[in-house]
Structures are given as C-alpha cells and as structure tokens.
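Produce the entire structure from the sequences given, and follow the hints as far as they go.
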Amino acid sequence: MVAKPQVGGAVRVEILNGCGEAGVARRARAYLRGKGYDILGIGDAKGHFPRTIIVERRSPTNTNARLLARTLRLDETDVTQLLDSLSPVSVTLIIGEDYGKYLPDTVETIQ
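Numbering (this note's numbering), first residue to last: 12 to 122.
For the record, the hints were derived by calculation from the structure and aren't laboratory data. Keep in mind that a hint or two might mislead.
With a straight-line Cα cutoff of 30 angstroms, these simulated BS3-like cross-link-like pairs (lysine-lysine) come out [stated by the list, open to error]:
1) Lys46 to Lys57
2) Lys112 to Lys57
3) Lys46 to Lys112
Pairwise CB distance ranges (calculated) [to be verified]:
4) Gly111 to Thr72: 27 to 35 angstroms
5) Asp116 to Gln92: 25 to 33 angstroms
6) Arg84 to Gly54: 18 to 26 angstroms
No residue lacks a Cβ here, since even glycine has one placed at the ideal position from N, Cα and C.
Laid out in structure tokens, this is it:
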C-alpha cells in the first residue's frame, strides 16, 4: 500500500495531457485527489508524449516525484528534474500514451 501525502505537506501537482486523448487529465485529477494529492491545475502539454513523465520542481532529491511515481506504480526512470524554487507546484505529471498502465478506468471524473 502506498502512503498518502501528509496533510500540510501535500504534494502539489500540475497535470498535463501529453497523449491527446480527451478527458485523461480530468481522470488523473480525480484519481490523485482521492489519493491525497493537491491538484493545482490541468492542461495540455506542448507536444506529444508516448511515455508518462513526472517532473520534480521543488526537491533536489526528487522526493515529491518519487512519491507520485510510487502512487502511480511508475518506474523511477520516468522521473526527471527541472527545479524552480518559485514554482507553486511540487511536480508536473505529463500523461503519455501509456496512461492505461497506471490510471484506472473506473475513476469518476470531477469537473
């Protein structure tokens, strides 16, 4: 079982749809909110991504990105780093074509 992010220390996530399929970012938002993540926004990625990528924005040790990777059961090789001390988000999740491997079909979407 994967631990939920701690209240007060919630991992703030930006979700970008990089696969082009409508509704995927909303599904991911609903799923991750249910797991205790603070979703700051969703949108479309610039470009097309065959694989999902998690981008660490705050922690030099990738703490937030590794936690999200464990939650989604993604390999830590899918984690990269682009630190920005001024960013309000902890991590950016760029959803790729492989989202079916980790995002349940049964997630109820939230508008």
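Comparing the hints with the structure gives:
{"no.": "1", "hint": "Lys46 to Lys57", "result": "holds (27 angstroms)"}
{"no.": "2", "hint": "Lys112 to Lys57", "result": "holds (22 angstroms)"}
{"no.": "3", "hint": "Lys46 to Lys112", "result": "holds (17 angstroms)"}
{"no.": "4", "hint": "Gly111 to Thr72: 27 to 35 angstroms", "result": "holds (30 angstroms)"}
{"no.": "5", "hint": "Asp116 to Gln92: 25 to 33 angstroms", "result": "holds (31 angstroms)"}
{"no.": "6", "hint": "Arg84 to Gly54: 18 to 26 angstroms", "result": "holds (24 angstroms)"}
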